[in-house]
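Asker: Residue numbers (the numbering used here), protein chains in the order written: chain G, 1 to 98; chain W, 1 to 487.
No wet-lab data here; the hints were simulated from the structure. A quick note: this is a predicted structure, and the numbers were derived from the prediction, not measured. Cβ coordinates follow ideal geometry from the N, Cα and C atoms, glycine included. Just so you know, not all the hints are guaranteed correct.
Derived Cβ-Cβ restraints for the label pairs, each shown as a range [stated by the list, open to error]: (1) W:250 <-> G:1: 38 to 48 angstroms; (2) W:393 <-> G:63: 34 to 44 angstroms; (3) G:54 <-> W:17: 36 to 46 angstroms; (4) W:334 <-> G:10: 23 to 33 angstroms; (5) G:79 <-> W:340: 21 to 31 angstroms; (6) W:393 <-> G:5: 47 to 57 angstroms; (7) W:282 <-> G:76: 25 to 35 angstroms.
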Amino acid sequence: MKITKETVEYVAHLGRLELDPQEIDLYTLQIDSILQYMDSLNALDTDGVEPTSHPVPVQCVMRDDAQKASFTSEESVGNAPERIDTFFKVPPIIEVEE
Amino acid sequence: MNDILNLTIRQLREMLKKKEISSMELTNYYLGRIRKYDGEILSYLRTTEDHALKMAGQADERISRGEDAPLLGIPLGMKDILCTKGIETTCASNILKGFVPPYDATVIKRLKEAGFVHLGKLNMDEFAMGSSTENSAFQTTKNPWDTTRIPGGSSGGSAAAVASGLCAGALGTDTGGSIRQPASLCGVVGIKPTYGRVSRYGLVAFASSLDQIGTFTRSISDCATMLGVIAGHDPMDSTSITAPVEDYHSFLGKDIKGLKIGIPAEYIIEGMEPDVKRNFEESLQVFKDQGAELVDVTLPHTQYAVATYYIIGTAEASSNLARYDGVKYGLRERGKDIIDMYKKTRFKGFGKEVKRRIILGTYVLSSGYYDAYYRKAGKVRTLIRQDFDNAFRLCDMIATPVSPSTAFKAGERLEDPLTMYLSDIFTIPVNLAGLPGISIPGGFDSQGLPIGLQIIGKPLDEGRILQAAYVFESEKKVRVIPDKYRS
Chain G
1 MKITKETVEY
11 VAHLGRLELD
21 PQEIDLYTLQ
31 IDSILQYMDS
41 LNALDTDGVE
51 PTSHPVPVQC
61 VMRDDAQKAS
71 FTSEESVGNA
81 PERIDTFFKV
91 PPIIEVEE
Chain W
1 MNDILNLTIR
11 QLREMLKKKE
21 ISSMELTNYY
31 LGRIRKYDGE
41 ILSYLRTTED
51 HALKMAGQAD
61 ERISRGEDAP
71 LLGIPLGMKD
81 ILCTKGIETT
91 CASNILKGFV
101 PPYDATVIKR
111 LKEAGFVHLG
121 KLNMDEFAMG
131 SSTENSAFQT
141 TKNPWDTTRI
151 PGGSSGGSAA
161 AVASGLCAGA
171 LGTDTGGSIR
181 QPASLCGVVG
191 IKPTYGRVSR
201 YGLVAFASSL
211 DQIGTFTRSI
221 SDCATMLGVI
231 AGHDPMDSTS
241 ITAPVEDYHS
251 FLGKDIKGLK
261 IGIPAEYIIE
271 GMEPDVKRNF
281 EESLQVFKDQ
291 GAELVDVTLP
301 HTQYAVATYY
311 IIGTAEASSN
321 LARYDGVKYG
331 LRERGKDIID
341 MYKKTRFKGF
351 GKEVKRRIIL
361 GTYVLSSGYY
371 DAYYRKAGKV
381 RTLIRQDFDN
391 AFRLCDMIAT
401 PVSPSTAFKA
411 GERLEDPLTM
421 YLSDIFTIPV
431 NLAGLPGISI
441 PGGFDSQGLP
451 IGLQIIGKPL
461 DEGRILQAAY
471 VFESEKKVRV
481 IPDKYRS
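All chains, please: the whole structure from these sequences, using the hints.
Answerer: So, in structure tokens, the structure goes:
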């Protein structure tokens, strides 16, 4: 086995996904076989090969630092499932200790 | 009115100009067809009838003022991954249900300037992850040539709508074959342009170094028309190419005498359907008869492309999909704290395939595995790119099959993700190398299912691909709409 149930659970936590027990079992099996397939890449000697992260050469694009029209705050938060005025509403992030 | 389906967009534009038909009539014609046939095909997630009629009215006004634009008054459908201002955009996912973008994707803006009429949003695999459109959270689109079969994916809604005459053309997106494979399986023309040729601004990101927007049409002429509208530099996309856009129509009608077409031996694989192989050989003969020279080329790292793609693609996806957190848009589930809220929202909002890819992508990027998977895949990607560079020293373009099989039965590969991934083996290398590729109708198998032909070009060589494709289309004259949907 390339991957265990515990690893799948841990990686799901890193990816902020809750999984039910059946999903953990299924994904462990499926991802294990996919990773075994991916190991075929190890047959290739890639020493000294530069990795490609982009298919075309990408340069840092600059623009003038000029003021332009942008989304209004109403447009920006318009899709929020919960909001207060023009703010996103979220559960407490920092707990206050009494 | 049924002749309309046989006319190119250019011919329709002539009729509109001469007032032989109005955009309102044309739009109502397509809306009527959608009402008649889409209950069976299920290609549209939602039609935008009110918008369409309003846009048609505006187009007719512009036409009466004597205005001219390449798509003025032409009704089109859009894959539901493209942001449309004021129109719900879901990526066929529960997590984005109800999301109404406050802006248009650049391609939508360009289509509007060119005068198009928006018929509606087309079905897809959730977040474009899949090869059958069965991963849509909302409905499974049917293949118009055999409704027990899948239309391909991820842009299956776009392909099926064009193939059954439910729009004059459509936009889709292609990350590993998501335009070319469904175009092949539904027997229509689908192009994935060079990476950076079409702006990705407003395209909901799946794998940013691979994603590209392209078109679905019933003819090469329409492909040239639509691509000419959406291509071009956009300051809103930092990977957008600044090179000027060629006049694609100027390539149509030129002969292909002396053109060198490379044939890679690696694309004739074991397990390929015999009809697909036979059709490919017949297609090559068409080019030969028209004076092209067939050249043997080799792309030796082809067998590593699928593994490379599913490492890079899932890694980029796991990062891009981090934005669905229940805060800014879409679904939110309650949790005991913020992390729990994220987890429950994503548990409920994402489908099986999307979760599988997030886990895989997170794993290959995680500490301890990054070098073994992600970095290794980046290096193999370089080798795959170099394969194409070397091949293009010997030829002008490359011809291959699009998919090893014709459309498969619904449900057949759903429980076996690896087999599903392998169905993209001929299309994936093109995305890894950022090249333009087109799928054009090549003929049919013994069951009457469409088979596509892929032409792969050098970077920014869309014009010459269309030149060869147009010669092929004129010679082979492959039927593009099933008779059943012609009435």
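Asker: Next step is simple, just say for each hint if it's right about the structure.
Answerer: Outcome of the hint check:
| no. | hint | result |
| --- | --- | --- |
| 1 | W:250 <-> G:1: 38 to 48 angstroms | violated (58 angstroms) |
| 2 | W:393 <-> G:63: 34 to 44 angstroms | holds (37 angstroms) |
| 3 | G:54 <-> W:17: 36 to 46 angstroms | holds (43 angstroms) |
| 4 | W:334 <-> G:10: 23 to 33 angstroms | holds (24 angstroms) |
| 5 | G:79 <-> W:340: 21 to 31 angstroms | holds (22 angstroms) |
| 6 | W:393 <-> G:5: 47 to 57 angstroms | holds (49 angstroms) |
| 7 | W:282 <-> G:76: 25 to 35 angstroms | violated (55 angstroms) |
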